[in-house]
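Residue numbers (my numbering), protein chains in the order written: chain A, 1035 to 1491; chain B, 1035 to 1491.
Take these hints with a grain of salt, some might be off.
No distinction is drawn between identical chains; accordingly, a pair holds when it is met within one copy or between any pair of copies.
No more than 30 Å apart at the CA atoms, straight line, and that leaves these computed lysine-lysine pairs for DSSO-like [stated by the list, open to error]:
#, residue 1, residue 2
1, K1446, K1063
2, K1091, K1290
3, K1107, K1062
4, K1326, K1107
5, K1446, K1209
6, K1209, K1081
7, K1431, K1290
8, K1063, K1289
9, K1209, K1270
10, K1446, K1430
11, K1209, K1235
12, K1270, K1296
13, K1346, K1070
14, K1162, K1431
15, K1346, K1459
16, K1290, K1063
17, K1235, K1091
18, K1289, K1091
19, K1292, K1445
20, K1431, K1459
21, K1446, K1107
In short, the hints are calculated from the structure, not lab data.
Protein chains: 2
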Amino acid sequence: TTDPTGEMNATESFIHHAMEIILEDAVKKATDVREKVCEWRSPEQLKELLDLELRDKGESESRVLQYCRDAIKYSVKTTHPRFFNQLYAGMDPYSMVGSFITEAITTSLYTYEVAPVFTLMEDTLLRKMIEMIGWDEGGDGIFNPGGSMSNMYAVNLARYRYCPDIKEVGLFAAKRLVILTSQEGHYSISKGAALLGIGTKNVYIGAVPFMVNATAGTTVLGAFDPIEEIADICEKYNLWLHVDACWGGAALMSKKHKHLLKGIHRVNSVAWNLHKMLMVPLQCSAFLVRDKTSLLQHCHSARATYLFQQDKFYDVSYDTGDKSVQCGRKPDAFKFWLMWKALGTTQLEQIVDRAIAMARLVCANVPVMDPEYSNVCFWYIPPSLRSVPHGPERWKKLHTVAPVVKERMMKKGSMMIGYQAHGDKPNFFRMVVISPQVSREDLNFVLDEIHNLGQDL
Amino acid sequence: TTDPTGEMNATESFIHHAMEIILEDAVKKATDVREKVCEWRSPEQLKELLDLELRDKGESESRVLQYCRDAIKYSVKTTHPRFFNQLYAGMDPYSMVGSFITEAITTSLYTYEVAPVFTLMEDTLLRKMIEMIGWDEGGDGIFNPGGSMSNMYAVNLARYRYCPDIKEVGLFAAKRLVILTSQEGHYSISKGAALLGIGTKNVYIGAVPFMVNATAGTTVLGAFDPIEEIADICEKYNLWLHVDACWGGAALMSKKHKHLLKGIHRVNSVAWNLHKMLMVPLQCSAFLVRDKTSLLQHCHSARATYLFQQDKFYDVSYDTGDKSVQCGRKPDAFKFWLMWKALGTTQLEQIVDRAIAMARLVCANVPVMDPEYSNVCFWYIPPSLRSVPHGPERWKKLHTVAPVVKERMMKKGSMMIGYQAHGDKPNFFRMVVISPQVSREDLNFVLDEIHNLGQDL
């Protein structure tokens, strides 16, 4: 049944062609500022354009390559210099190559046995990140699928430290536990509270607080909670202090901006996503804990005997799987490790410094306060509204401007910027600057283009 | 600061070289039966061989390419025809290419806006899988990072249906809830119970059961719970029935073997991993729910306004993010979609049928019962033990055989097979047959090689 050589020749040719398409369309064209950011189609149109149906019979190599081209063509180019829509953007070639390697060497990080290289690289990276946080006495950590998961790890560890019995007996006999966080904290804390049986209503108020969540870099405004002051209170009352630094953690790379996280060496745990400002392909997300008692292991272990045999011939402390709430877990750390090797800390620092500097450049042109980080939030006031007096009527009209401008920019494919309402504030734009490929021209373009698209509103 | 063209030339050349290395070392060499499965090094040796340290200064392209080669060289070749160690193996070129594309087009599946193509492909795939399960009235589902997460989704939905208030108020006032599962159920059910505040001791026994977990394809033995009979009881008592079909779900592709999951159309939810027997690169894992009331959405929604604006210009029901416990979520479905397009249902069926047939071929040569699935579990009795009478002494000695044979096969790099003790049974081998590249010669090799490596024990 197998003629490995013969079979591999066809396979090899397919992979080779596909790699050419990826390099041409998904790398070069996707990052070319002269190309469109997106090729907008409504769900109905896109369903007609793509032949989505899955059939009994397989299709030819040329058809499959065409599906690859189409998938790339109609996908949003998140690596394009004019994509400012999310907390990720830009293309780093090293971490992208790292991601190709982890996909080709498909494996899971639960045991050293099947992932020796990636286990050591994860360990190296966690130690380095812990060093940057400033936990001199050491710590532990785990890469996992996203910042929401990291925040849930934090809730679970905090609860476990507060009352280890909950792992076995549940919350049924427990006193009501609450989590304190700010209005601007990420919604994953609420989702975590719901999932973990604590309940969303027990985030904020009443009863026995067992954990405080501080945010370093909020999603919309890019604001930083004052960690030092919060740590003072948490130490006094022996509360677990977690810092959601998924977005803002990158500032730790920067001598100039790391003051934003002053006091982080005093906290119990940190969530830090490398796939945001540091441009590693999604996902590359670390949860870190200041602890020397194997809390991560004790809190999550299930001691599966088919993976974690204790009679293995190597040091089983290199099997990390029992620290995780997952079973299989991707070697995401490798992507960042390879990027770090290639760029060095110095260039990683430059990425952060440049992004924040560019965000401030935008602000030089519009009447907003300098942002703490690289989120630039602003309203566009169309000419027709400029003479309308301040008050509810003006705000109501202003609220409708951003959605229309967004629709127009996407249908044109010229750029992508997010918008949202916030508290009692009507819809405003949130432009997130990340990629080193973003030029001054791109920044000017954004403001001009918004005016072009919205001046008739 | 930016000369996009100039910058891209260096980048392009790096990516091009890296792609050549991936094709040569991580694809061709890794799947070549004449090459080693692994290049075993202890953690200490590997730390010396790899230059793991992360420095301030970036390193040259040639050094970075060497890191790529080394990472591949010392990684376990899970796609090699003689890798039988986990519930994943083999290399499918289409899903691998799909994974490269999702990495290059790095995006998150929370909104249609940033992932239009992948949103539709996920939807197509979920519908197709729901059709195969047999939920005629439709259903819902979500791809997520692994089977453990899928099983946790099931626990959470079952709990939410049982008592929706728990989402807001937690478990503090709830009656003790328990989950029923079998001894052989995967450990993620216990991990889920711990994480969700139910407690590991409430898996199995007592109080108010709200959910039953049946397993289709257990991890060690590949055994299937009788779904039809369990469904009879669950329907009678209105219990949520979840099927952990992470490993066994692939049998649904096969007319010959789908009887193993008879009754699955009656259950409430299913976890099904495509990265196991169907060979999609990790991770590609679906959670599916038989429901038309948007339970997935109601149970997990947090209505983040910065992502899920209701005044968008397109149909926001295509924004799937609020169904997830994650925020960012990878477009894993694309990998399987592309593979399915290329192979068609027919060839997917052949993969499953061949794997099970090959597993049974192994059993033709050793005195074991035919497996239900493609796990083959057996002891190797070295000559010195053959005359030892049955009893505790023989079992105690037998227990030490598999770990030594495993050590020897890994240090030689000739193949990889798992082992474990199970209940009161001493260590035995578990060989999992998946890849279509596995030949009869490979099967014979395994048995001969175990004898070669263990005959002196």
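Do the hints match the structure? See the list:
no.: 1; hint: K1446 x K1063; result: within (17 Å within a copy, 46 Å between copies)
no.: 2; hint: K1091 x K1290; result: between (58 Å within a copy, 18 Å between copies)
no.: 3; hint: K1107 x K1062; result: both (12 Å within a copy, 29 Å between copies)
no.: 4; hint: K1326 x K1107; result: neither (49 Å within a copy, 33 Å between copies)
no.: 5; hint: K1446 x K1209; result: neither (55 Å within a copy, 56 Å between copies)
no.: 6; hint: K1209 x K1081; result: neither (51 Å within a copy, 47 Å between copies)
no.: 7; hint: K1431 x K1290; result: neither (40 Å within a copy, 63 Å between copies)
no.: 8; hint: K1063 x K1289; result: neither (34 Å within a copy, 44 Å between copies)
no.: 9; hint: K1209 x K1270; result: within (21 Å within a copy, 35 Å between copies)
no.: 10; hint: K1446 x K1430; result: within (26 Å within a copy, 73 Å between copies)
no.: 11; hint: K1209 x K1235; result: both (15 Å within a copy, 19 Å between copies)
no.: 12; hint: K1270 x K1296; result: within (18 Å within a copy, 58 Å between copies)
no.: 13; hint: K1346 x K1070; result: between (54 Å within a copy, 21 Å between copies)
no.: 14; hint: K1162 x K1431; result: neither (50 Å within a copy, 44 Å between copies)
no.: 15; hint: K1346 x K1459; result: between (60 Å within a copy, 17 Å between copies)
no.: 16; hint: K1290 x K1063; result: neither (34 Å within a copy, 46 Å between copies)
no.: 17; hint: K1235 x K1091; result: neither (51 Å within a copy, 48 Å between copies)
no.: 18; hint: K1289 x K1091; result: between (58 Å within a copy, 15 Å between copies)
no.: 19; hint: K1292 x K1445; result: neither (39 Å within a copy, 46 Å between copies)
no.: 20; hint: K1431 x K1459; result: within (12 Å within a copy, 73 Å between copies)
no.: 21; hint: K1446 x K1107; result: within (15 Å within a copy, 46 Å between copies)
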